[in-house]
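Q: The lines below spell out each chain.
There are 2 protein chains.
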Amino acid sequence: MLKNSIFFKKVEFSTITSYAYRINDEVQSGEIGYYHLFNTSLPLIEEGLEFIKKQDHVRNIVLIGMGGSSCGVKALKDMLLNQKSKDKELFILDNTSTYSLFSVLEKLNLEESLFLITSKTGSTIEVVSLFKLIIDYFKIEISNLKKYFVFITDENSKLHQEGENLGIKSFFIPSNVGGRFSVLSAVGIVPLCFCGYDVKALLEGAKACFDDFFIHKKEEILQKAYHYCTHKNANINVLFSYDDVFKGFNEWYIQLIAESLGKKQGYKRIGLTPIALIGARDQHSFLQLIMDGPKNKTITFLKVKDNEKSPIIPDIHFKFLDSLSNKVNLHDLLNAQCDATMHALISENLSVDVIEMEKLDAWHAGYLMYYYELFTSACGIMLGINTYNQPGVEVGKLILKNILKS
Amino acid sequence: MLKNSIFFKKVEFSTITSYAYRINDEVQSGEIGYYHLFNTSLPLIEEGLEFIKKQDHVRNIVLIGMGGSSCGVKALKDMLLNQKSKDKELFILDNTSTYSLFSVLEKLNLEESLFLITSKTGSTIEVVSLFKLIIDYFKIEISNLKKYFVFITDENSKLHQEGENLGIKSFFIPSNVGGRFSVLSAVGIVPLCFCGYDVKALLEGAKACFDDFFIHKKEEILQKAYHYCTHKNANINVLFSYDDVFKGFNEWYIQLIAESLGKKQGYKRIGLTPIALIGARDQHSFLQLIMDGPKNKTITFLKVKDNEKSPIIPDIHFKFLDSLSNKVNLHDLLNAQCDATMHALISENLSVDVIEMEKLDAWHAGYLMYYYELFTSACGIMLGINTYNQPGVEVGKLILKNILKS
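Protein chains in written order, with the working numbering: chain A, 9 to 414; chain B, 9 to 414.
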């Protein structure tokens with residue numbers, strides 16, 4: 009189970025139900041594909057397992073993708089560290105960083121590797137460049153590419169067409185699923201399925217979140233979205249995730265919120281600014297600013313209840329160093345730090361909520377990601393913007409083309 | 009060389025000189041120790057080298073420290089990846105994360121490991137807990153701790169006293185150097201020196217920045233600080249660092265700005281909100297919000313000119329995929345992406361500046377970090393706050409004590 013407790017003032021449910029209807033309209037229209045992925049992605053699991061079964065030699069899965077094509081997978085890789093099959097390693101290349109490229113390639117034996125080139129449009133310059141650099145690095149014959157590469161892309165994209173041309177297998181992203189909402193499509197399902205993660209539970213978790221929202225009418229998502237969208241002087245939204253395993257999730261959260269909700273609307277500029285921290289680490293960093301700086305932030309704490317595999321902090325007595333008076337294990341200490349920080353912020357009258365996951369497995373991860381996708385859609389509707397496009401980044405792409413030409 | 013180009017409107021130099029005098033007063037007073045570390049840390053290099061020379065068996069240096077006790081080292085580890093000695097690995101534990109603890113400990117052979125326990129006050133609960141967990145994990149006899157541990161702390165702290173008691177070597181942080189300004193003190197010098205980094209060049213780079221500011225009167229730091237502190241509707245300061253090697257530096261930047269400049273001043277709440285991104289990756293994420301969202305952000309681009317070790321993107325021709333018309337190498341592509349994004353943001357009339365490092369070595373890293381420390385001091389003076397304390401985090405610590413007692 010995933011429990012979301014809200015510590016700021018809620019509004020009457022009737023105030024927000026109209027937005028629920030609008031989201032429902034989006035779902036029914038069929039134009040926004042991500043809502044339905046927990047169903048539409050089911051056949052992919054079989055297709056993925058079928059494919060990888062024949063690739064007995066593969067030990068390394070290398071995902072090449074930018075933004076939405078890798079963020080979600082990275083989030084799940086970090087969260088589900090101990091839940092993949094033992095015999096396959098997942099690597100992710102998500103930047104035009106020379107250092108990162110070689111630090112991955114140097115670890116690989118080509119004959120044990122399968123590269124997943126992921127690009128929704130099929131023409132992302134970073135991805136195409138990395139694709140060529142990998143071919144060159146391993147001196148792979150063009151006629152042999154089909155042995156080492158798989159494409160994940162929209163049907164009939166340039167990448168798909170090239171795949172047909174070269175005999176490379178393509179998995180398809182539904183055309184009505186946008187990049188940053190695509191983690192539960194082929195973008196996430198294929199690599200995670202290849203690595204032995206429990207993708208079925210992932211989809212079931214997402215479905216449970218859908219049911220809680222649309223069938224059981226749980227109101228937390230709408231309450232939170234309404235609060236964030238109407239408190240315009242608190243438009244910085246901090247996610248404070250307790251444990252290093254949330255590093256990838258934090259990046260995914262930032263992409264989802266920033267790219268979905270930062271939009272021009274006529275002459276107006278609208279947007280929520282996401283910030284993501286890791287606890288307890290960043291109590292020694294950003295926390296001071298939240299406590300004493302301008303009150304322009306909301307804070308969501310994210311924590312995991314399950315402490316089963318965490319060691320007890322041993323009661324070694326030193327002459328000069330402090331002792332903990334009780335026996336606590338390391339994860340309990342982490343959660344106590346989370347609670348203490350939360351109470352400190354509530355006492356400053358800041359808008360706080362906490363998401364507590366019972367444990368960290370595929371089901372809960374699927375629930376959590378779907379929760380934030382629904383939350384983003386709700387905010388977009390309340391702000392009156394198009395949540396699903398990203399017109400602002402096109403200018404830079406045009407300038408880049410000109411720079412590269414000259 | 010490190011070049012800082014400013015694209016927003018500068019003020020008359022006479023407007024900002026008074027602040028330069030105030031910083032000069034801080035330097036002269038001797039109360040703020042970080043200003044002088046490029047001199048005062050010099051003897052540490054010899055002391056560190058002397059110590060590690062006798063530890064021939066050590067292959068793994070494990071730093072345990074929170075916030076300022078690890079952030080700077082992590083930044084330098086990431087930036088100077090290829091410049092350490094080949095035979096030693098540096099690990100950093102900076103959180104009460106069960107996963108992170110074990111993922112490091114499982115890689116270690118105790119007899120080849122040296123653990124550096126870093127805590128300025130000597131009583132950081134996370135650090136003391138990890139210290140005990142490590143002792144327990146490896147079943148080290150208390151009388152043997154001196155073989156495996158080194159302390160880095162203030163003179164006469166609890167940790168130093170315990171070190172005396174147990175025969176463990178302590179290196180000292182000057183009492184007038186605060187945690188987040190301590191990277192060039194024993195906090196950074198000792199572990200980096202142990203791992204064979206060129207710490208002398210690091211200090212020389214810092215000295216060069218000092219000279220540029222105080223002797224050559226370069227004005228960029230003051231111009232930028234003045235702009236940030238006076239444009240109150242643009243109080244979110246984005247650092248857009250191009251290359252994955254800046255991940256650690258980004259965290260350090262966030263700690264430095266957030267914890268130094270987020271302060272209460274009577275009933276007023278003051279602060280700049282730092283955000284740090286990685287390019288080109290986050291062009292597919294946060295950029296949309298900067299371009300089209302509220303104009304409440306300044307943006308600093310950070311890039312490295314040197315492209316020497318980067319591979320040419322091969323001119324492989326595909327039937328359907330785009331080709332680059334010119335031969336560029338991967339790092340040039342990254343820098344072209346940086347330039348394109350920069351021009352796109354300038355055309356939106358946002359406050360932009362760019363820091364270009366000639367190359368990425370210890371000298372440039374030292375310059376860069378000192379640049380941001382001076383910048384932070386300048387902002388603190390302009391905002392009229394105490395830059396060097398962190399009163400806001402004490403409340404949480406008190407609540408934590410109560411939670412752990414009950």
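Read the hints as simulated data drawn from the structure, not as lab findings.
Treat the hints with caution; some may be incorrect.
[Said to hold, decoys possible] Using 30 Å as the maximum straight-line C-alpha spacing, the simulated DSSO-like pairs for lysine-lysine come out as follows:
1. A/LYS62 / B/LYS327
2. A/LYS303 / B/LYS240
3. B/LYS335 / B/LYS215
4. B/LYS18 / A/LYS177
5. B/LYS367 / A/LYS255
6. A/LYS17 / B/LYS276
7. A/LYS313 / B/LYS115
8. B/LYS313 / A/LYS405
9. A/LYS303 / B/LYS335
10. A/LYS208 / A/LYS255
11. A/LYS276 / B/LYS327
12. A/LYS313 / B/LYS18
13. B/LYS147 / A/LYS303
14. A/LYS327 / B/LYS155
15. B/LYS409 / A/LYS327
16. A/LYS215 / A/LYS255
17. B/LYS17 / A/LYS272
18. A/LYS317 / B/LYS225
19. B/LYS272 / A/LYS18
20. A/LYS409 / B/LYS96
21. A/LYS115 / B/LYS155
22. B/LYS215 / A/LYS255
23. B/LYS147 / B/LYS96
24. A/LYS177 / A/LYS115
25. B/LYS303 / A/LYS240
26. A/LYS17 / B/LYS327
27. A/LYS367 / A/LYS317
28. B/LYS409 / B/LYS11
29. B/LYS367 / A/LYS409
30. A/LYS276 / B/LYS17
31. B/LYS115 / A/LYS303
32. B/LYS18 / B/LYS215
33. A/LYS335 / B/LYS327
34. A/LYS409 / A/LYS166
35. A/LYS96 / A/LYS147
[Said to hold, decoys possible] Interface residues of chain B toward chain A, partial, derived using beta-carbon atoms under 8 Å:
36. ILE176
37. ASP206
38. ILE286
39. ARG289
40. ASP330
We put the beta carbon where it would ideally sit given N, CA and C, even for glycine.
Q: Hint by hint, say whether it matches the structure.
A: Hint by hint, here is what the structure shows:
Between A/LYS62 and B/LYS327 the alpha-carbon distance is near 28 Å, which keeps this suggested pair within the 30 Å criterion. At roughly 14 Å between alpha-carbon atoms, A/LYS303 and B/LYS240 fall within 30 Å of each other, so this suggested pair holds. Under the criterion of a C-alpha separation no larger than 30 Å, the hint pairing B/LYS335 with B/LYS215 is inconsistent with the structure, at around 39 Å. Under the criterion of a C-alpha separation no larger than 30 Å, the hint pairing B/LYS18 with A/LYS177 is inconsistent with the structure, at around 56 Å.
Of the supplied pair hints, the one linking B/LYS367 and A/LYS255 holds, its CA atoms being roughly 28 Å apart against a limit of 30 Å. Only pairs whose Cα atoms come within 30 Å are accepted, and A/LYS17 paired with B/LYS276 is accepted, the gap being roughly 24 Å. With a CA separation close to 27 Å, the supplied pair A/LYS313 and B/LYS115 stays within the 30 Å bound. Distance check on the hinted pair: B/LYS313 and A/LYS405 sit about 21 Å apart at the alpha-carbon level, within 30 Å; holds.
Annotation: proposed proximity of A/LYS303 to B/LYS335 is violated, straight-line Cα distance about 50 Å (limit 30 Å). With a C-alpha separation of about 23 Å, the suggested pairing of A/LYS208 with A/LYS255 holds against the 30 Å cut-off. For the proposed pair A/LYS276 and B/LYS327, the alpha carbon gap of about 43 Å is over 30 Å, so the pair is violated. Restraint check for A/LYS313 and B/LYS18: the C-alpha separation of about 52 Å exceeds 30 Å, so the hint is violated.
Of the supplied pair hints, the one linking B/LYS147 and A/LYS303 is violated, its CA atoms being roughly 47 Å apart against a limit of 30 Å. A threshold of 30 Å between alpha carbons decides the hint, and for A/LYS327 with B/LYS155 the separation of about 19 Å falls inside it, so the pair holds. For the proposed pair B/LYS409 and A/LYS327, the alpha carbon gap of about 20 Å is at most 30 Å, so the pair holds. Distance restraint check for A/LYS215 and A/LYS255: the Cα-Cα separation of roughly 24 Å lies within the 30 Å cut-off, and the hinted pair is therefore satisfied.
With a C-alpha separation of about 25 Å, the suggested pairing of B/LYS17 with A/LYS272 holds against the 30 Å cut-off. Of the pairs offered as hints, the one joining A/LYS317 and B/LYS225 is violated, with about 56 Å between alpha carbons and a cut-off of 30 Å exceeded. Taking the CA atoms of B/LYS272 and A/LYS18, the gap is about 28 Å. The hint holds against a cut of 30 Å. Distance restraint check for A/LYS409 and B/LYS96: the Cα-Cα separation of roughly 43 Å exceeds the 30 Å cut-off, and the hinted pair is therefore not satisfied.
Restraint check: the Cα-Cα separation between A/LYS115 and B/LYS155 comes to about 33 Å, which exceeds 30 Å; the hinted pair is violated. Taken as a hint, the B/LYS215 and A/LYS255 pair is broken in the structure, with Cα atoms around 35 Å apart against an allowance of 30 Å. For the hint pairing B/LYS147 with B/LYS96, the CA-to-CA distance comes to about 23 Å; that is within 30 Å, so the pair holds. Our distance criterion of 30 Å between C-alpha atoms is met by A/LYS177 and A/LYS115, whose separation comes to about 25 Å.
With a CA separation close to 14 Å, the supplied pair B/LYS303 and A/LYS240 stays within the 30 Å bound. At most 30 Å may separate the alpha-carbon atoms for a hinted pair to count; A/LYS17 and B/LYS327 exceed this at roughly 58 Å. Taking the CA atoms of A/LYS367 and A/LYS317, the gap is about 11 Å. The hint holds against a cut of 30 Å. Between B/LYS409 and B/LYS11, the direct Cα distance comes to roughly 47 Å. Violation of the 30 Å bound is thereby established for this hinted pair.
For the proposed pair B/LYS367 and A/LYS409, the alpha carbon gap of about 25 Å is at most 30 Å, so the pair holds. Only pairs whose Cα atoms come within 30 Å are accepted, and A/LYS276 paired with B/LYS17 is accepted, the gap being roughly 24 Å. Distance hint between B/LYS115 and A/LYS303 is unfulfilled; the C-alpha atoms sit about 43 Å from each other, more than 30 Å. A hinted pair counts as satisfied when its Cα atoms are at most 30 Å apart, and B/LYS18 with B/LYS215 qualifies at roughly 26 Å.
Restraint check for A/LYS335 and B/LYS327: the C-alpha separation of about 65 Å exceeds 30 Å, so the hint is violated. A C-alpha spacing of about 18 Å is found between A/LYS409 and A/LYS166, which places the hinted pair at or below 30 Å, so the restraint holds. A distance of roughly 23 Å separates the Cα atoms of A/LYS96 and A/LYS147; the hinted pair therefore holds under the 30 Å criterion. Evaluation of the B/ILE176 hint against chain A yields a violated restraint, the C-beta minimum of about 11 Å exceeding 8 Å.
Violation of the interface hint for B/ASP206 is found here, the shortest Cβ-Cβ separation to chain A being roughly 18 Å, above the 8 Å cut-off. This hint holds: B/ILE286 has a C-beta 7 Å from the nearest C-beta of chain A, less than the 8 Å allowed. Nearest Cβ of chain A to the Cβ of B/ARG289: about 4 Å, under the 8 Å cut. The hint holds. Checking B/ASP330 against chain A: minimum C-beta separation of about 6 Å stays under 8 Å; hint holds.
Checked against the numbered hints above, the structure breaks hints 3, 4, 9, 11, 12, 13, 18, 20, 21, 22, 26, 28, 31, 33, 36 and 37 and satisfies the rest.
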